[in-house]
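Could you build all of it, start to finish, from the sequences and the hints given here?
For our numbering, add 18 to where a residue sits in the sequence shown, where the first one is 1.
Note that these hints are calculated values from the structure, not bench results.
None of the values given here were measured: they were computed from a predicted structure.
All residues carry an ideal CB built from backbone N, CA and C; glycine is no exception.
Please note: incorrect hints may appear among the correct ones.
[Claimed, not checked] Taking CB as the label site, the calculated pair distances span: (1) G92 <-> A671: 29 to 37 Å; (2) V324 <-> A671: 22 to 30 Å; (3) D313 <-> P94: 40 to 48 Å; (4) H333 <-> D309: 56 to 64 Å; (5) E567 <-> Q527: 15 to 23 Å; (6) R525 <-> A577: 34 to 42 Å; (7) G92 <-> A162: 34 to 42 Å; (8) P682 <-> E67: 48 to 56 Å; (9) E567 <-> R758: 33 to 41 Å; (10) L641 <-> S196: 42 to 50 Å; (11) E383 <-> K131: 39 to 47 Å; (12) P94 <-> R216: 29 to 37 Å; (13) A224 <-> H48: 35 to 43 Å.
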Amino acid sequence: MSLTSVVAPSTSPENVAALVGERLSLSALHQLCGTLGGYSFVKVVVDRELRTIHFLNDARHSFHAIYIGEEILGVPEERVRAEIDSYNERFYHAPDRRFLLGILALHTRQEKKILSLETVEVDTMPAALIREFHAFVAEYVDPALPLLFKPANQLQERLVREIPASELPRVFAHELFSTAPFVALNPGTTTGRLRAFRTEAEYRAATTTAGLAWSDIIVMDRVPDDIPRLSGIVNARHTTPLSHTNVLATGWQIPNAVQLGALAEIDRRGLDGKWVEYTVDARSLTLREIDEPADATPPSWYAQRVTLEEPESDHSPIVDLARLRASDRYRYGTKAANLGELHHVLACGSQRLLGFYQVPRPPRENLLPHLAQLLEQTAGTTDASAAGIGSTSGSMGTADSSTTAGSLHTTAGLAAANSLGTTTNPAAANDLCTADSSTATGSAAANNLAAATGSTTAGDLAATTGSSAAGDLGAAARRLLDQRIRVPRGIALPFSLQRRFLESSPRIQQAIGKLKMALELDAREIEPLCVELQSLIRSARLPGALAGEIDSALVSQLAGVRTFVVRSSSNAEDLAGFSAAGIYESINHVTTAERIFASVKEVWASLVSVRSVRLRHQAGISLDECYMGVVIQEQVAADFGGVLVTTNPMNRADFRTVYVNVSPMVTDVVDGSALPMQYLYSTVEGGGRTLSLGDAESDLDERAHEQLQRLAVAGRLLQAHFSPDYTFDSPVDIEWLADRDHIHIVQLRPYSA
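Put into structure tokens, the structure is as follows:
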């Protein structure tokens, strides 16, 4: 079939199913392709039996499987969808498979165009088939364009490295990611004034004189962590979606993207200082100049006030973290309460762990068989578990094509467009699980998460998997957590301790009164008053009674610990519409009692920093409502650490994968000071993809990748436990540290997706 003769006279390119048996010219590629993340791509099917190649028209066929069924095998789409597991097994795992499936993508590297060829990320294609696939496709593409094989998962990366580059030209995902021109970090559309800054010094100078307004859209190579709330962000260099700034942008629900060359393009078009309409979607970023509105309407968040649960600042004891539950957040803060809840899950289990996998994912009734396979893989160290690739593919897990195609824009997963659908003291476990000792006072037992949702249990799975099988899965899930997950020991200081400290100093009380008045009047003195109040808190003497209580708790609960981490735990964070990521202090490497006391005061002082006060004030959160608890934990040694979010921030519709940032120091990830290694791990089929090596010189070894796969599955299980509803889809943000045997979770909170 001649592409040109069919397409040229037609205004409906979807009339063409594919270009079959002919060379794919560059012009034909552009007529057939889809685009995502700034890249043009074409799906390809090689029929080994008939020695024929098919280049699919993306406007007509979004999925390899449907195309093969309808156009080659004569099988209706409905039947393919109903039997998708069987088809996927043949397409992606059978050693004698008839079809080889992949994606061709057009890239520009060093001002030269190249083609990459990759499979679907769940494909277990062996080395011989990889060679055959590349050689066959190479005969049917423009010889002027180098064709490079791009491994789609870590199993393929290992296989490709064993093949001489002269025999199989290759390019790795992280090599393309570093030059990817566009990455969508948060989709959306807004209007505002474009403010472009080439350096941080230029930004500081401009904002000192005029400041940033809610209507500004900021463009910088690296956006500072202390930006105020505004309307949009354009990162002119690569960044991680999990930096504090980008997490805040997600919570603010403002458009945010990486666009290389953005500053030069803005200069060329003269857009700096102009009003624009700014749009980010999975495919691209657009800036369209508009007239400045005569009376710009403030955004909805100006009128919508964030509501806080009423705090309790009367006397509460300093407690072992393991004694807290999620419902204690109104006395100890969100971080402390979530860590206490996590201690409880590890000690006592949870009826909610299987929740994410119980939910129907058409055409499947649920994902429990996939979980069973993942738990089997992560329990061992066989080759299969190291690769994280299961034998049952679920690459067509939903009937809605929109759910996975967006993963293309990272450039590391172009083939994803085809995807359719214990406590540290075990002896105390029994005590922790009793109803009258689950919290510091026992009063919250009736309100804990497990009790509130106990009607959704593993036993409810009997209709689809049998009660025995569901029970086995629940036991296996708990076993993974018990064997691999740890929470560092710690104590929690309540809000009442902060209140008693503040009330001990008349000068502090006077400064608080001045700041409250300035906030009511929206006066210019807010900033110097915050600075003064912070200084007073840092320098004030900690009353002997309070110091004695902290010291006594450390002696009784953490005797023998040499190094501590002192963390913030406020009631004014991790809220709907107000994440507060990175605006409160945490201090590492604390050793002596005096340093612990000073660090506690530093955490308290961070509640009244200029930035935190302004951001809360913008959200309508009164200073009277805000309190700061403190978590003092053992600082654990680790080989590496990072942040996991149980979603794909660059494609929120992708329910399969979780996103992991890895660095020798967790703080390097969240403060944006260094580019971390970035990975996607499937929590359905299993397997990981290396998106970027960041500032690292080489990738992690195989055992480290095994740990990351376990972390991914554990994160998905914990997502279900902490879910506020029965969809179990609300992602969580987990800061973690790991060695070869264990994963230490140091923070768990909702992720504003």
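Cross-check of the supplied hints:
1. G92 <-> A671: 29 to 37 Å: Between G92 and A671, where Cβ atoms are some 31 Å apart, the hint holds.
2. V324 <-> A671: 22 to 30 Å: At 27 Å between Cβs, range holds.
3. D313 <-> P94: 40 to 48 Å: Cβ of D313 to Cβ of P94: about 56 Å, so the range 40 to 48 Å is violated.
4. H333 <-> D309: 56 to 64 Å: Holds, at about 59 Å.
5. E567 <-> Q527: 15 to 23 Å: 21 Å, holds
6. R525 <-> A577: 34 to 42 Å: 36 Å, holds
7. G92 <-> A162: 34 to 42 Å: 37 Å, holds
8. P682 <-> E67: 48 to 56 Å: Holds, since P682 and E67 (Cβ atoms, about 50 Å apart) stay within the stated range.
9. E567 <-> R758: 33 to 41 Å: Since the Cβ atoms of E567 and R758 sit about 38 Å apart, the hinted range of 33 to 41 Å holds.
10. L641 <-> S196: 42 to 50 Å: 44 Å, holds
11. E383 <-> K131: 39 to 47 Å: 45 Å, holds
12. P94 <-> R216: 29 to 37 Å: Violated - the Cβ-Cβ distance for P94 and R216, about 57 Å, lies outside 29 to 37 Å.
13. A224 <-> H48: 35 to 43 Å: 41 Å, holds
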